[in-house]
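Asks: Read off the chains here:
4 protein chains.
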Amino acid sequence: MFQIPEGRKLDCIPVGRLAIDINPLVMPQTFAECTEFGKYVGGSPANTAVGLARLGARTGFIGKITDDSLGDFCYDYFKKDGIDLNGIFRAEENVPLAVTFTEVIDGQTNLMLYRDRITADMLLKPEEIDEDYIASSRSVIISGTALASSPSRDACFKILELARKHGLLIIFDVDYRAPIWQSTDEISIYYTMAARYAHIIIGSREEFDLMDSAFYKEEDDEQTANRWFNEKAELIIIKHGKEGSMAYEKNGKRYQIDIAPVNAVKSTGGGDAYSSAFVFSILSGREVKNCLEMATVSASLAVACNSCSDALVDLPTLEKALVKAKEEHGELVKEF
Amino acid sequence: MFQIPEGRKLDCIPVGRLAIDINPLVMPQTFAECTEFGKYVGGSPANTAVGLARLGARTGFIGKITDDSLGDFCYDYFKKDGIDLNGIFRAEENVPLAVTFTEVIDGQTNLMLYRDRITADMLLKPEEIDEDYIASSRSVIISGTALASSPSRDACFKILELARKHGLLIIFDVDYRAPIWQSTDEISIYYTMAARYAHIIIGSREEFDLMDSAFYKEEDDEQTANRWFNEKAELIIIKHGKEGSMAYEKNGKRYQIDIAPVNAVKSTGGGDAYSSAFVFSILSGREVKNCLEMATVSASLAVACNSCSDALVDLPTLEKALVKAKEEHGELVKEF
Amino acid sequence: MFQIPEGRKLDCIPVGRLAIDINPLVMPQTFAECTEFGKYVGGSPANTAVGLARLGARTGFIGKITDDSLGDFCYDYFKKDGIDLNGIFRAEENVPLAVTFTEVIDGQTNLMLYRDRITADMLLKPEEIDEDYIASSRSVIISGTALASSPSRDACFKILELARKHGLLIIFDVDYRAPIWQSTDEISIYYTMAARYAHIIIGSREEFDLMDSAFYKEEDDEQTANRWFNEKAELIIIKHGKEGSMAYEKNGKRYQIDIAPVNAVKSTGGGDAYSSAFVFSILSGREVKNCLEMATVSASLAVACNSCSDALVDLPTLEKALVKAKEEHGELVKEF
Amino acid sequence: MFQIPEGRKLDCIPVGRLAIDINPLVMPQTFAECTEFGKYVGGSPANTAVGLARLGARTGFIGKITDDSLGDFCYDYFKKDGIDLNGIFRAEENVPLAVTFTEVIDGQTNLMLYRDRITADMLLKPEEIDEDYIASSRSVIISGTALASSPSRDACFKILELARKHGLLIIFDVDYRAPIWQSTDEISIYYTMAARYAHIIIGSREEFDLMDSAFYKEEDDEQTANRWFNEKAELIIIKHGKEGSMAYEKNGKRYQIDIAPVNAVKSTGGGDAYSSAFVFSILSGREVKNCLEMATVSASLAVACNSCSDALVDLPTLEKALVKAKEEHGELVKEF
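Chains as they are written, first to last, in my numbering: chain E, 1 to 336; chain H, 1 to 336; chain W, 1 to 336; chain A, 1 to 336.
Incorrect hints may appear among the rest.
Same chains, same label: a pair holds when it works inside one copy or across any pair of copies.
As the list claims (entries may be wrong) - Mimicking DSSO-like on lysine-lysine, the simulated pairs with C-alpha atoms at most 27 Å apart in a straight line are:
(1) K217 / K125
(2) K165 / K217
(3) K324 / K79
(4) K165 / K250
(5) K334 / K253
(6) K217 / K9
(7) K320 / K242
(8) K232 / K165
Hint data in this document are derived by calculation from the structure and do not stem from the laboratory.
All chains, full assembly: derive it from the sequences and hints.
Replies: Structure, rendered in structure tokens:
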């Protein structure tokens with residue numbers, strides 16, 4: 001279905017935040033009661049990059065980190081996973097890396113996005129985007145968070161234009177984070193403009209509603225998907241929380257994806273694990289149905305762990321988990 | 001050629017800056033030597049709106065002005081010309097209206113854009129854009145200046161999306177003003193994204209080069225035009241200063257437009273007069289060649305006057321001037 | 001009374017805004033009805049500098065202007081009046097000079113401060129303040145407007161510290177302009193801190209109330225004056241609009257100053273003329289009573305003119321006007 | 001010596017940052033190698049408040065924290081130590097609490113001030129300062145960090161004015177943190193203006209040099225102290241790193257203070273412990289010499305602990321440590 005270029009140096013370049021999570025070493029705990037915290041690489045596209053690399057994809061990254069011990073930790077973590085580091089920049093300005101504190105209060109995961117609106121990742125500049133780097137990859141994933149303000153927003157649109165020029169598969173992972181945006185219309189406008197470039201759009205029902213809010217009201221999944229099929233999109237994934245997710249192909253196929261059995265200790269990290277497994281599988285030439293199975297099992301493994309990035313697994317582990325999940329649950333994905 | 005909706009309340013809505021020029025009452029003079037200054041409505045899309053209205057188009061406007069005597073003057077000036085005022089907002093913030101001082105030094109026009117980067121026009125918010133107002137018009141003109149920063153930039157993209165949704169003819173008038181932009185890549189990115197929506201793009205060769213700079217290098221007019229014909233564009237006008245301009249139609253027709261005979265007292269205002277006469281003529285259903293004749297004669301009338309807005313004429317005057325210009329100059333537009 | 005150093009190169013250095021007023025050539029008029037405008041040097045401390053120079057004081061200035069034709073006009077205007085230009089800097093940033101449009105509506109003067117909060121004058125940096133320049137003057141006048149935001153605020157406090165170190169007579173001219181301040185407490189705090197350095201404080205009753213607002217409530221003139229006499233102040237002038245002004249000396253003398261007969265065409269410019277004549281007279285060693293006479297007559301001449309700066313006169317003209325005013329009005333200043 | 005008011009509800013109100021430190025549970029470690037981190041209340045004036053309270057002073061605080069779990073932790077920590085919470089505000093804006101990561105690299109303590117320049121503490125507004133709260137205390141401590149930007153800077157000067165009005169003992173603890181300041185002149189200006197109000201000034205030799213830099217060059221301790229004795233100061237403490245510190249009284253007495261024996265695991269926290277013990281002792285009416293002994297022993301206890309705030313002790317513990325330190329070291333303070 002997808003036209004994905006072959007013979008390139010990299011399989012995928014996620015774009016956006018590479019940052020640090022400070023989580024209780026043992027989850028679930030509140031910030032107040034926890035006395036031992038761990039440090040973890042975080043940021044939705046960073047987790048996706050780690051997930052892709054562990055599964056075996058030749059993975060790059062475009063983002064900006066600080067020139068301090070926290071930035072060094074991120075850089076070294078990526079290095080250990082074999083991620084190509086040529087698209088990672090260091091902020092010259094005196095800004096912090098984005099730090100997120102996670103806690104669980106009464107069963108609810110509470111993310112404290114610890115930063116002002118200006119963190120190193122939001123200072124990625126369009127001048128730093130190298131056309132050759134984009135042209136060296138088969139695909140690119142834009143995280144919606146990177147669209148929240150300029151110059152990072154500008155850099156993303158430069159990447160999207162260059163990705164289009166060089167024929168990359170373009171994935172838009174909406175990844176909405178409320179505190180970094182100014183207004184609902186702004187969200188709707190820039191999500192919509194990024195989504196126009198995308199062959200694959202992944203988001204929750206709420207995220208698609210947000211994307212449409214300035215232009216279209218009260219659509220159902222089918223309407224949403226069909227509208228995007230008039231643009232460049234060929235596959236739309238719409239998540240419905242605990243009820244699983246739906247996938248729509250331009251060719252008419254529809255899939256209902258159940259959530260794999262899981263003992264969750266927090267609600268975060270599942271989305272990134274889902275995206276990384278799904279994109280890896282697509283790039284491997286697997287059937288869409290199988291890609292979706294891989295994605296949902298990957299998500300279930302991630303939410304059972306204390307951190308997002310440390311929880312991401314290699315291909316044999318994921319495939320084994322998929323077999324086991326099907327044994328316990330039956331078919332995870334229904335096509336109709 | 002163009003699919004322009006009929007049966008709407010307005011013919012055209014220019015979008016962007018509505019501001020004030022302080023010019024010497026008698027041009028040419030330097031600021032230092034001038035002792036008597038006049039006040040004039042200015043701002044490229046504002047001049048275009050005035051031009052359209054005087055020629056007989058039912059004209060609206062979307063922009064933001066200050067809530068003081070300078071804003072009142074702009075508002076009343078538009079009212080006198082019969083421009084629909086429902087899309088004009090007042091800034092609640094304590095910001096100035098954009099004021100431009102014009103002088104001529106040694107034959108060169110010097111514009112002093114008198115403002116910080118944040119003026120009332122740049123504070124137009126996407127929340128203020130009303131879908132019904134967009135839907136009530138046959139066409140919309142986006143001025144590139146309004147793209148220079150958020151929230152005005154965001155409002156423009158909302159307008160472009162809504163204009164596309166409701167089938168308006170979309171004109172993008174590049175109108176580059178250097179001091180309000182941050183970087184060349186930023187210009188290139190947002191010009192490109194706006195131009196993707198446009199059926200007609202009007203700019204100088206330098207402006208098209210700027211638009212391409214992050215993505216394409218050293219194109220000639222023919223290459224530029226053909227690339228945009230792969231998008232939504234159907235007509236591209238590229239200006240070459242004193243050597244006139246070139247127009248390219250998607251259907252293959254090409255036109256060379258000479259500058260009509262003129263005694264210029266300044267170099268500004270010609271572009272707005274050109275755009276207003278051209279768009280008016282297109283909306284009237286005239287042949288492209290005739291539209292281009294009207295445009296170039298309108299420009300020549302404008303640069304012969306002390307102000308931009310006061311110089312704009314009605315249809316009989318423009319048509320008479322066109323007849324006279326052809327008598328003096330011969331054919332103004334050559335098709336080939 | 002005052003300890004004023006002798007044998008210095010300059011008599012006085014006013015500090016703060018040097019800018020441009022755009023006024024109707026003939027006052028009174030509204031902006032809407034006026035078709036011929038003039039350009040004038042403006043800014044309260046700039047007017048005071050011009051007034052001082054015309055009366056014969058060796059006058060310097062510390063301030064920042066733009067590097068364009070408007071800045072050049074200010075610079076050349078000062079040069080023509082023989083003002084020392086070594087303390088005048090040019091903004092490197094892309095900011096406008098402060099421009100003020102004046103109009104008269106129904107007898108009320110309406111100042112439109114045409115600028116964002118950041119104009120060239122507010123970008124004066126403490127690093128630009130030269131200790132030797134301060135040390136070369138007998139006195140300094142701080143205009144309260146220059147305290148409204150950093151870095152100009154910081155530069156003023158550096159000047160005040162250095163003026164104290166080198167024994168200059170320090171005059172604080174409150175000159176409140178509402179739109180450039182953020183909060184009443186901020187005004188009160190920084191006015192108070194500047195006033196602590198001053199030997200002479202000049203303000204309206206409203207301005208003294210504003211200065212006190214975070215710390216003291218409902219004082220009368222006598223209480224206000226006595227409180228400042230516990231600091232460095234030796235003379236306090238409190239203006240009461242149309243009812244004239246009061247002067248309080250630390251030694252116990254009090255003066256009531258009437259307004260000299262005048263045909264005012266606007267309400268602005270009087271304060272600057274007042275300050276310049278008063279400070280000139282103090283520096284000349286005149287009796288306080290005579291200083292106050294000179295000041296009130298100077299103010300009456302200024303409000304009768306279309307501009308603030310062009311209206312300022314030389315010493316023989318001012319002395320002649322004082323004689324004439326006394327003939328018409330009787331004693332202008334009563335001591336008690 | 002000092003005139004300290006009696007009969008007030010509180011002994012002391014420190015002013016400034018109340019924040020969080022994320023330190024390795026076991027010091028010394030680098031960020032990279034550490035896998036278990038602890039959370040601690042931090043911020044120099046916050047540590048001083050905790051130290052004062054533990055020693056038995058009736059302690060208040062003025063500062064601003066976030067309205068999230070991190071802010072709650074600070075609030076509850078203070079509450080447990082019996083600190084009066086009426087001067088603690090919550091930021092309404094979407095800003096982070098200041099978070100500091102501490103690590104030790106090759107024996108050097110590396111503080112990563114994890115924040116943009118705008119953190120909750122810097123948003124304390126002058127409008128929030130209550131005159132009655134200031135008037136209810138015997139003394140106030142201004143931390144220099146709170147002067148780094150408006151509106152916190154403005155709030156500090158309001159506090160200083162009110163403290164002066166109500167006769168509080170005013171202590172200025174310089175506490176220089178480089179990354180939050182814009183320029184050296186700015187530091188020098190606002191340190192100087194705050195120091196003018198102070199009866200006691202505590203800083204390192206480098207901090208006093210920084211304070212003087214815009215106005216005075218190359219002073220020795222004696223010159224510095226004497227210059228401040230011309231203002232309100234009565235006692236000046238100048239620290240010389242590993243060589244201990246010097247104290248100067250206006251009455252002519254001088255003290256050399258040695259560093260008490262210590263096994264330091266980091267270099268931070270000593271200053272706050274020093275200030276809290278010194279101010280507590282002064283407020284208790286102890287001899288200056290004894291106050292200085294208490295201070296230096298308190299500092300040595302603090303640098304031997306993993307955190308700053310958890311290390312602060314009660315009075316019996318401190319007095320016992322003083323006895324022990326004198327046994328090991330001999331006299332800690334020499335008067336001459």
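Asks: Would you mind marking each hint as holding or not holding in the structure?
Replies: The hints, checked one at a time:
no. : hint        : result
1   : K217 / K125 : between (34 Å within a copy, 20 Å between copies)
2   : K165 / K217 : between (32 Å within a copy, 13 Å between copies)
3   : K324 / K79  : neither (31 Å within a copy, 51 Å between copies)
4   : K165 / K250 : both (22 Å within a copy, 21 Å between copies)
5   : K334 / K253 : within (11 Å within a copy, 54 Å between copies)
6   : K217 / K9   : between (42 Å within a copy, 25 Å between copies)
7   : K320 / K242 : within (23 Å within a copy, 60 Å between copies)
8   : K232 / K165 : both (14 Å within a copy, 17 Å between copies)
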